[in-house]
Amino acid sequence: MAMTYEDTQKSAVPRWQRGVTFARNNAAILLIYLFIFLLIGTGSFFSDRFLTASNLINIMRQSIVLGLLAIGQTAVLLTGGMDISQEMVARLVGLIVATLFAATGSNPMMILPLLLLGTTIGVALGLVNGLLITRTHAVPFIITFGVSFLLRGINLAISTTPIRGIPDAYLTIYDSKIGIVPVNVIVMALVWLIAWFFTTRSRLGRNIYAVGGSERIAKLSAIRVNRTLVWAYVLSSVFAALAGLFLLARTGVGDPNAAQGMTFQAIVAAAVGGISLYGGRGSIFGTLGGVLLLTLLSNFFNLMQINIFYQQLLLGAIVLVAVSAYKSKDLGAL
Amino acid sequence: MTESTSTTHSTDTILSLKDIQKTFGGIHALSGVSFDLREGEVHALVGENGAGKSTLIKTITGAYVPDGGSITVGGGEYEMLTPNQARQLGIGVVYQEFNLLPDMPVAENIFLTTPPMGRWGLIDTKKRAQQAYKLLERLGAHKHINPYALVKDLTVGEQQIVEIAKALAMDAHILIMDEPSAVLPSRDMDRLYKVVRALRDEGHGIIYISHRLNEIFELADRVTVLKDGQTVATKLVAKTDEDDLVRMMVGRELTDMYPPVSTIEPGEVLLDVRDLCIENTVFDINFQVRAGEVVGLAGLGGSGRTTIARALVGLADIISGEIAYFGQPARMTAASAARAGVVLIPEDRKAFGLILDQSNRFNITLPNLPQLERWKMILKRDEWDPVIRAIDDLGVRPPNPELDSGSLSGGNQQKVVLAKWIMARPKVIIFDEPTRGIDVGAKSEIYTRMREISQQGVGIIMASSDLPEVLGMSDRILVLHEGRMAGELSREEASEEAIMKLAAVAHENGASA
Numbered sequence: 006m007a008m009t010y011e012d013t014q015k016s017a018v019p020r021w022q023r024g025v026t027f028a029r030n031n032a033a034i035l036l037i038y039l040f041i042f043l044l045i046g047t048g049s050f051f052s053d054r055f056l057t058a059s060n061l062i063n064i065m066r067q068s069i070v071l072g073l074l075a076i077g078q079t080a081v082l083l084t085g086g087m088d089i090s091q092e093m094v095a096r097l098v099g100l101i102v103a104t105l106f107a108a109t110g111s112n113p114m115m116i117l118p119l120l121l122l123g124t125t126i127g128v129a130l131g132l133v134n135g136l137l138i139t140r141t142h143a144v145p146f147i148i149t150f151g152v153s154f155l156l157r158g159i160n161l162a163i164s165t166t167p168i169r170g171i172p173d174a175y176l177t178i179y180d181s182k183i184g185i186v187p188v189n190v191i192v193m194a195l196v197w198l199i200a201w202f203f204t205t206r207s208r209l210g211r212n213i214y215a216v217g218g219s220e221r222i223a224k225l226s227a228i229r230v231n232r233t234l235v236w237a238y239v240l241s242s243v244f245a246a247l248a249g250l251f252l253l254a255r256t257g258v259g260d261p262n263a264a265q266g267m268t269f270q271a272i273v274a275a276a277v278g279g280i281s282l283y284g285g286r287g288s289i290f291g292t293l294g295g296v297l298l299l300t301l302l303s304n305f306f307n308l309m310q311i312n313i314f315y316q317q318l319l320l321g322a323i324v325l326v327a328v329s330a331y332k333s334k335d336l337g338a339l
Numbered sequence: 368m369t370e371s372t373s374t375t376h377s378t379d380t381i382l383s384l385k386d387i388q389k390t391f392g393g394i395h396a397l398s399g400v401s402f403d404l405r406e407g408e409v410h411a412l413v414g415e416n417g418a419g420k421s422t423l424i425k426t427i428t429g430a431y432v433p434d435g436g437s438i439t440v441g442g443g444e445y446e447m448l449t450p451n452q453a454r455q456l457g458i459g460v461v462y463q464e465f466n467l468l469p470d471m472p473v474a475e476n477i478f479l480t481t482p483p484m485g486r487w488g489l490i491d492t493k494k495r496a497q498q499a500y501k502l503l504e505r506l507g508a509h510k511h512i513n514p515y516a517l518v519k520d521l522t523v524g525e526q527q528i529v530e531i532a533k534a535l536a537m538d539a540h541i542l543i544m545d546e547p548s549a550v551l552p553s554r555d556m557d558r559l560y561k562v563v564r565a566l567r568d569e570g571h572g573i574i575y576i577s578h579r580l581n582e583i584f585e586l587a588d589r590v591t592v593l594k595d596g597q598t599v600a601t602k603l604v605a606k607t608d609e610d611d612l613v614r615m616m617v618g619r620e621l622t623d624m625y626p627p628v629s630t631i632e633p634g635e636v637l638l639d640v641r642d643l644c645i646e647n648t649v650f651d652i653n654f655q656v657r658a659g660e661v662v663g664l665a666g667l668g669g670s671g672r673t674t675i676a677r678a679l680v681g682l683a684d685i686i687s688g689e690i691a692y693f694g695q696p697a698r699m700t701a702a703s704a705a706r707a708g709v710v711l712i713p714e715d716r717k718a719f720g721l722i723l724d725q726s727n728r729f730n731i732t733l734p735n736l737p738q739l740e741r742w743k744m745i746l747k748r749d750e751w752d753p754v755i756r757a758i759d760d761l762g763v764r765p766p767n768p769e770l771d772s773g774s775l776s777g778g779n780q781q782k783v784v785l786a787k788w789i790m791a792r793p794k795v796i797i798f799d800e801p802t803r804g805i806d807v808g809a810k811s812e813i814y815t816r817m818r819e820i821s822q823q824g825v826g827i828i829m830a831s832s833d834l835p836e837v838l839g840m841s842d843r844i845l846v847l848h849e850g851r852m853a854g855e856l857s858r859e860e861a862s863e864e865a866i867m868k869l870a871a872v873a874h875e876n877g878a879s880a
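Which chain is which? The protein sequence lines are A and B, in order. With positions in the first sequence counted from 1, the corresponding number in our numbering is that position plus 5. With positions in the second sequence counted from 1, the corresponding number in our numbering is that position plus 367.
Since the hints were made in silico from the structure, they are not lab data. Hints may be right or wrong, so weigh each one.
Unchecked claim - Under the rule of at most 20 Å between Cα atoms (straight-line distance), these lysine to any residue pairs were calculated in the SDA-like manner: (1) B:Lys747 to A:Gly48; (2) B:Lys747 to A:Trp201; (3) B:Lys743 to A:Leu198; (4) B:Lys747 to A:Trp197; (5) B:Lys743 to A:Ser207; (6) B:Lys747 to A:Arg23; (7) B:Lys493 to B:Gln463.
Start from the sequences, fold in the hints, and give me the full structure.
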């Protein structure tokens, strides 16, 4: 008798065994959320301003830039690559859009076209990264590092001082709320859901995992490896561009220092969340955990008014502990 | 410097194994092997794949701990050796795959573990080069190989000599050579023979593993035949001949593990290989595969079986020749082969078959996502149904779709690979060593499945070193010898002896089909 989906859900594998498999397959994620709970517990113990609705919403809003970058970065990390150019892409998009706003006299009619333009720049730069990597077969780290320097040069050429002239209407991207919840937080929650669906239930998402797991097996399974890789870098860049556009709404100026150090934070968030830097393994929920953890930490540090030096020190320690816990590659072997 | 220690007072037997036993999970790899090596002799070790040669070698070098028996070497008797002990007792190995650092000079490679030291604990590089030169001189290769040359710039034959020199640098007195000729182009063969003879004349004992019977007659003094983990006989080479050796190597009962033979006539030509040449390994191969037949590809290690199997799905650098799928010349890339419906079920599942740290579900559906897609999405139900059915159908244990494929046994992993490709409905399946390292139960299930698929009109090529399997499954058998087609046998003509003769003996003895 052939079994169906319902049958297996009922009987083929005992419930407890499915539970064990689930726990093993998702040990990294369970671990990071445990961490988050502990942190929230500790936070509310030390400060009564920590566990308040407004602070938690604030944390979610703070996590948006890092979240966008980390989702894109996750796509690339899952292929076994790395995208160092993210923050420069974000910055470039911010600067170009700000310049064009200024040049068109802060006209609100320009918002939609410029949002589109910013995203398109993201696509284009992702194509550059992806094509360079698939054509030269060089290490992605080096290629995107090179591209990132190139973009840094362009950014400096555009402006070394903040660019003013963003129309007020644009700032609603950051400001508008439904009740006390910012619209962007709701949108971001949807983005995470879509990202989860994309990684687990779309062909491109699956192919990204497969390419990261083994390029050769992916090829033998009729997967277009180069096309998959290019897509991953395009995703990474598009998300970086979105982060740039969001930052522009947050700061209200085209900032030549925007997104400083955010690429590495995004990589760290994904790695702490259990995305394997060798590729092919990890879940977007892990990345979300990593993003929340980093954001919570910095929020907590600020509330506690901990010296920035110790913040860095603690952050470094957490990264090392988390990543060495996953070092055994499959925590599933526990 | 130490002079050769060739004249000691002991007898001239320098290594003696008595009744060596070794089991792996209940399977006897060695069940009572005895073997001895004398000073100044080349002792050939022959036997089919799986006869126990490598296990025996690994016991001597200390890589395996034997379950019983004794090893007498260097005046002491041991139950087991550690790798370090083996090295100190003067046992050196030249493996088929060299352990050389390609970007380092020859001299540095030779003295990698035992560099001559100079003042202040620094390596005396000048002395090292001189000693390397002397070693190469002993091997008659000092004119070809410069101690300062980088290993990667040497030919394979030269690298092999460096590997031998490396063993000598560690004062190896007993030299084990694991199929040294398998990696060499034939023009380098004479030089290898010269080196081996020179070492023998210096008084070294050499264990020479080879599949090529003619070179045993060229080189060896004595020969020991292993079969199914036992010593069949040790003979003086002068007192035996090829037929005699082949007879000792083969001869086993066919079990009822194999499904009944095909009941359908072969159909259209699915795969047509013409004048296929692959650099240094495969030459002028021609054959066809028709719908509904199982074509066996037999041959010894290094005969090009696996290379051909891989070439058929675009995993080899084809120099010349043509492969046609269904009458159309094929674009030979791995992805296009799979899209055309020509798939490989590989020997090395980790490298070519399954992504081990993904779930069975992920692996099985990987090439089948396009057909599962609905509205650009892979819905859980659309995916689970066929996966569950495939796992159930092939009897994968445990039948858990979410388990990492890497956590399954070899046999079950092979079933997952099979499930993956059966779902893709391929037209041609190429099996490479379909049952190596797989337990008996899973074996027979895989055979049954293989026959079932072929009865449905799929063309199957089965490259295998396991002769009973080749005989039990194939409708016809292509035999390879050193990268060339040595002959074709129909099911009726085929026997272990007939295959071995074509595979192991030089061409003039082999019949053409």
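Each hint, compared with the structure:
1. B:Lys747 to A:Gly48: Distance of about 39 Å is beyond 20 Å: violated.
2. B:Lys747 to A:Trp201: holds, 14 Å
3. B:Lys743 to A:Leu198: holds, 17 Å
4. B:Lys747 to A:Trp197: holds, 19 Å
5. B:Lys743 to A:Ser207: It holds: about 7 Å lies between the C-alpha atoms, which stays within 20 Å.
6. B:Lys747 to A:Arg23: holds, 16 Å
7. B:Lys493 to B:Gln463: violated, 30 Å
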